[in-house]
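The task is simple: from the sequences and hints, build the whole structure.
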Amino acid sequence: MASGRIACHSEDMTAGLIVLAVVLVAGTAIGLWRRSTDGRFGVTDESGPAGQPIDAALLAALGADRPADATLLQFSSAFCAPCRAVRRISGEVAALVPGVRHVEVDAESHLDAVRALDIWRTPTLLVLDADGREIKRATGVPAKPQLIAALGAAIKR
Amino acid sequence: MELDPRGQRFAATLTSVVLIVVLATGWGWLALIQSVIFAITAADPRRGPYPLIYRALVLPRLGPPAVREPAAPVRFAQLVGCVFLTVAAIGYLSGGTALGVTFAALGLLAAFLNAAFGLCVGCEAYLAIRRLTARSAA
Numbered sequence: 001m002a003s004g005r006i007a008c009h010s011e012d013m014t015a016g017l018i019v020l021a022v023v024l025v026a027g028t029a030i031g032l033w034r035r036s037t038d039g040r041f042g043v044t045d046e047s048g049p050a051g052q053p054i055d056a057a058l059l060a061a062l063g064a065d066r067p068a069d070a071t072l073l074q075f076s077s078a079f080c081a082p083c084r085a086v087r088r089i090s091g092e093v094a095a096l097v098p099g100v101r102h103v104e105v106d107a108e109s110h111l112d113a114v115r116a117l118d119i120w121r122t123p124t125l126l127v128l129d130a131d132g133r134e135i136k137r138a139t140g141v142p143a144k145p146q147l148i149a150a151l152g153a154a155i156k157r
Numbered sequence: 158m159e160l161d162p163r164g165q166r167f168a169a170t171l172t173s174v175v176l177i178v179v180l181a182t183g184w185g186w187l188a189l190i191q192s193v194i195f196a197i198t199a200a201d202p203r204r205g206p207y208p209l210i211y212r213a214l215v216l217p218r219l220g221p222p223a224v225r226e227p228a229a230p231v232r233f234a235q236l237v238g239c240v241f242l243t244v245a246a247i248g249y250l251s252g253g254t255a256l257g258v259t260f261a262a263l264g265l266l267a268a269f270l271n272a273a274f275g276l277c278v279g280c281e282a283y284l285a286i287r288r289l290t291a292r293s294a295a
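Taken in sequence, the protein lines are chains Z and G.
Under my numbering, the first sequence has 110 at position 110, and the numbering climbs by one with no breaks.
Count along the second sequence starting at 1, add 157, and that's the number in my numbering.
Just so you know, the hints here were simulated from the structure itself, not pulled from any lab data.
For each residue, glycine too, the CB sits at the ideal point set by N, CA and C.
Keep in mind that the hints are not guaranteed to be accurate.
[Claimed, not checked] Selected chain G positions facing chain Z (in silico; Cβ < 7 Å): (1) L180; (2) L266; (3) F274.
What follows is the structure, given as structure tokens:
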């Protein structure tokens, strides 16, 4: 039966209200969780596969194999406003700190690398040391002091 | 085309309010109206009903935007919203309330995340989908 302006069945309305509450609570939880993880540099587990240098051929395909004390490897995509912010911050830090190179890669054009490096979101910024080993990574937009501190961990090695 | 991002957040806020009403009342015609609003805004993001309200009421109080964002992701998001709300409207108006509630809820989740936190769910899903489905280039 076609509904008129307002749903005729009170059970349906109750279901709608319950779903509404669930969506708003879940949405708030998701939003707050995302806000807490954005821009944070997670320490990459060194004992696992991530402790190995990234495959040289893979880095070459990304244009990230030229020698440097540290490399800021940024995965971006077209529909991504925060990617521009990360590009700006990474560029400024790379200009500031000698021996640091910033390489930006379009995620969609390099799905092999995206899968190999476990990239799910853009922007994702990987901090690589001189051997191409991933030291830290962040999704979302990091603050400049955090980025410089992450570089410090990469360069000392 | 470049857009004022605050207009997009404002539109997402209005959308969220409308979808809250849809879910609370099961009002299928309102769901249909919202899907039409999505369609118009997808076609011309500056002349959609919510952007027009923004330009008339909110923008004069804020002044020009400091940054602008490209239109393409906004239009894509409006298109997805249109599809979801059309399915929801069909659900509600044909008596398939579960369908209506499900798709209106998904629409509200995306609009709410955008309005309250500035998150673009479609943008984030895009890479994940490509990663899972596309065959690799060389």
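Evaluated hints:
With 7 Å as the threshold, the beta carbon of L180/G comes within range of chain Z, its nearest partner Cβ sitting at about 4 Å, so the hint holds. This hint holds: L266/G has a C-beta 5 Å from the nearest C-beta of chain Z, less than the 7 Å allowed. Given hint, F274/G at the interface with chain Z, holds; its Cβ is 4 Å from that chain's nearest Cβ, closer than 7 Å.
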